[in-house]
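Asks: Sequence:
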Amino acid sequence: MAHYRSVGDIPAKRHTQFRQPDGRLYSEELMGEEGFSSDSSLLYHREIPSAIVDSRPWDMAELKTHPNYPLRPFHLKLHELFPGEGEEAAWRGVDVVRGRRLVLANGDVRISYAVSDTPSPYYRNAIGDECVFVESGEGVVETMFGALPFRPGDYVLIPRATVHRWVPGDVAQHGPVRAYAIEANSHIAPPKRYLSKYGQLLEHSPYCERDLHAPSEPLLAEGTDVEVFTKHRGHGPHGIVGSVVVHATHPFDVVGWDGCMYPYTLNVSDFEPITGRIHQPPPVHQVFEGWNFVICNFVPRKVDYHPLAVPVPYYHSNVDSDEVMFYVAGDYEARKGSGIGQGSISLHPGGHSHGPQPGAVEAALGKEYFDELAVMVDTFKPLELGEGAIASDDGAYAWSWSGGRREP
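Letter by letter, the sequence shown follows residues 1 to 408 in UniProt numbering.
Quick caveat, the hints were computed from the structure, so don't treat them as lab data.
Even glycine gets a Cβ: it sits at the ideal position worked out from N, Cα and C.
Among the hints, erroneous ones may be present.
With a straight-line Cα cutoff of 27 Å, these simulated DSSO-like cross-link-like pairs (lysine-lysine) come out [said to hold, decoys possible]:
no., residue 1, residue 2
1, Lys77, Lys381
2, Lys192, Lys381
3, Lys64, Lys77
4, Lys197, Lys13
5, Lys302, Lys336
6, Lys192, Lys302
7, Lys381, Lys64
8, Lys77, Lys336
9, Lys302, Lys367
10, Lys336, Lys367
Label-pair ranges, simulated between beta-carbon atoms [claimed, not checked]:
no., residue 1, residue 2, range
11, Ser6, Leu195, 14 to 24 Å
12, Gly86, His316, 39 to 49 Å
13, Gly355, Asp9, 50 to 60 Å
14, Arg56, Glu222, 16 to 26 Å
15, Val140, Glu227, 11 to 21 Å
16, Ser50, Gly355, 50 to 60 Å
17, Ala391, Arg193, 32 to 42 Å
18, Leu220, Gly84, 32 to 42 Å
19, Ala391, Gly86, 19 to 29 Å
With these hints in hand, go ahead and build the complete structure from the sequences.
Replies: Now the structure itself:
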């Protein structure tokens with residue numbers, strides 16, 4: 001995110017002496033992408049950020065996946081992964097980091113789901129950026145850059161290697177935090193076509209810098225022997241392993257920072273939909289992109305206003321991609337009659353032609369407004385099924401266009 005920010009105390013010129021009140025030098029740390037060749041930020045620590053005293057394995061949740069074979073589309077009911085209410089709910093004692101259940105994954109991106117009422121441990125993803133969509137719940141993400149409040153509908157963008165933790169708010173008032181986590185093996189950023197050659201969001205972009213919210217002041221903490229749960233590259237499933245790295249002093253000791261790389265939120269309600277006289281293709285709904293995948297959102301909007309318009313999508317083949325749709329709220333017209341509702345995922349893999357359910361086209365004619373909210377991820381490599389997908393599969397969606405499976 002090439003939008004410059006400065007927070008807290010920093011020296012007048014980078015890479016120069018900057019001393020603490022007791023005369024010691026602050027430790028300057030550069031967090032930069034692509035080996036000093038892309039966006040970066042400079043952080044000023046009270047202590048030495050590389051001082052660690054121990055490291056041990058982190059036995060992460062199940063990350064093995066299974067191919068989508070034989071090929072079929074899926075309807076996954078994510079809310080069934082954390083059933084129950086009250087004191088007996090399955091999300092009691094669960095945190096957003098260790099409680100993630102892997103739903104879909106390939107070598108470029110992993111999609112997980114967690115429902116949480118409990119603060120997470122300190123966490124660092126050293127593999128890629130994370131984009132976590134908050135389905136419901138409120139709280140704060142504490143980071144080495146400062147505190148980042150979140151609310152329903154927020155995309156929480158966390159750059160690679162940022163130490164942070166998730167702290168849910170008042171669960172009795174707002175409910176648990178329902179987090180839809182998109183983890184990249186790359187960086188996640190606004191689409192290039194939305195940006196000027198210098199990185200400013202352009203006039204045709206559906207959101208602008210005013211819609212992005214980042215930490216506004218340092219978040220200082222003290223402590224020793226602080227455990228940071230760290231995902232990093234290795235020989236585990238999809239090349240991922242975990243370690244608990246113990247820092248000699250608290251990683252939240254940054255008195256100031258400046259630069260163009262930092263965590264931020266964008267609320268989906270600030271995304272301004274692009275509409276037209278006839279049905280608009282999915283790229284107009286794009287919000288972010290990573291390596292070999294894109295993130296789109298379908299928000300409440302006025303729909304096609306040609307007198308003969310067909311508002312729901314036409315049938316289409318995913319020639320180059322798998323399509324994952326997470327249904328957050330509203331009434332998704334194209335999927336009526338399929339059983340899909342709030343908390344559902346549909347997976348339409350490459351090689352499968354898909355589109356509206358039977359009767360949905362006629363039923364949508366004359367509609368002027370769609371009250372729907374969904375988050376879509378399109379990947380350019382096939383997705384495999386995680387344990388969360390297998391546990392939440394409805395077993396029937398693939399046959400919903402034909403009225404049911406015919407036994408041989």
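Asks: Hint by hint, say whether it matches the structure.
Replies: Do the hints match the structure? See the list:
no. : hint                          : in the structure
1   : Lys77 <-> Lys381              : 23 Å, holds
2   : Lys192 <-> Lys381             : 21 Å, holds
3   : Lys64 <-> Lys77               : 20 Å, holds
4   : Lys197 <-> Lys13              : 26 Å, holds
5   : Lys302 <-> Lys336             : 19 Å, holds
6   : Lys192 <-> Lys302             : 26 Å, holds
7   : Lys381 <-> Lys64              : 17 Å, holds
8   : Lys77 <-> Lys336              : 15 Å, holds
9   : Lys302 <-> Lys367             : 9 Å, holds
10  : Lys336 <-> Lys367             : 14 Å, holds
11  : Ser6 <-> Leu195: 14 to 24 Å   : 21 Å, holds
12  : Gly86 <-> His316: 39 to 49 Å  : 43 Å, holds
13  : Gly355 <-> Asp9: 50 to 60 Å   : 56 Å, holds
14  : Arg56 <-> Glu222: 16 to 26 Å  : 23 Å, holds
15  : Val140 <-> Glu227: 11 to 21 Å : 20 Å, holds
16  : Ser50 <-> Gly355: 50 to 60 Å  : 53 Å, holds
17  : Ala391 <-> Arg193: 32 to 42 Å : 38 Å, holds
18  : Leu220 <-> Gly84: 32 to 42 Å  : 38 Å, holds
19  : Ala391 <-> Gly86: 19 to 29 Å  : 22 Å, holds
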